[in-house]
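A.B. asks: Protein chains in written order, with the working numbering: chain E, 1 to 100; chain L, 1 to 173.
Hints in this document: simulated from the structure, not taken from any laboratory. There could be a bad hint or two in this list.
What the hints assert, rightly or not - Covered stretches of chain L, going by a simulated chain E footprint (3 or more residues, C-beta under 8 Å): (1) 9 to 18; (2) 37 to 51; (3) 91 to 100; (4) 106 to 118.
Stated by the list, open to error - Covered by chain E, per the in silico footprint, the following chain L stretches (three or more residues, Cβ under 8 Å): (5) 23 to 33; (6) 54 to 61; (7) 122 to 132.
Claimed, not checked - Taking beta-carbon pairs under 8 Å as the criterion, some of the chain E residues facing chain L (in silico): (8) Leu23; (9) Ala42; (10) Ala45; (11) Val48; (12) Ala49; (13) His52; (14) Ile63; (15) Ala70; (16) Leu79; (17) Gln86.
A virtual CB, placed ideally from N, CA and C, is assigned to each residue, including glycine.
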Amino acid sequence: MHPTTAGMLLAGVLFVLGLISILVRRDIIFMLLSVEVMLNAAALAFVVASAHWGTADGQVMFIFILAMAAAEVSVGLALILQLYHQLKTLDSDEAAKMNG
Amino acid sequence: MMGPAFYIAAAIAVIATVMVITRYNIMHALLYLVVSLLAVAVVLYLYGAPFIAALEVIVYAGAIMVLLIFFVMMLNLGKESAMQEQRWLKPRIWIFPSLLCLVLLGELVFLISQNHQPPSEIKVVDPKAVGMALFGPYMAAVELTGILLMAGIVGAYHLGRQKEKTLHRFLEN
């Protein structure tokens, strides 16, 4: 198999696994984990494309995705903490009833 | 043509991710997620990006996972957490992730010892070119990323703050 095809296939499989997890799970920490898996797969696709074309842009995008994931996790965990203090549960369906 | 090293690392990544999304316990899922990220780091190394692979290990498998693990530990404080810890750390739980990690480690040692070269179809980008691009045409994006991280810190601090009770001093006892 061509290296680019193989790498893109791996990235696609990992992304779809994360997507399935975020659709199936109701625990909100698991949903955050699934977002991490999906972001990681997208970053892998960028690096594979960078190796295919021989340019640095894909790796630059990887670094940006890394910084974005770090900021996203910190804010997401703070939001989950607030949710847990208010609802005493990590079930994301409970948060559907946002009444004031 | 990718060698068998790629297929082993890719298989470990997919197996570990499947284990992540089928666990019920968040700690077990995090354990497997670290293995998955390490496997992806080996794949990145095979694609001629050792600097990116190191970043993946340090930032993803190191910093972000430690943040998540600390957070999960913070959420279930209590008397039974020590007992739960004991229940979680049975060998049955950690033996399979350790096995996957050992396979990855053996692969990495093998690749480094035989001075591995990426396959001929792909072009290697050295870290110097990445640095030149980051601080050349992408300068504005780097500054925006800095602002994003700052906003993340301020937002996390603001959201994570506990609300203090606003009771009048005659009402509290």
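A.B. asks: Which numbered hints turn out to be false for this structure?
C.D. replies: 3, 4, 8, 9, 10, 12 and 17
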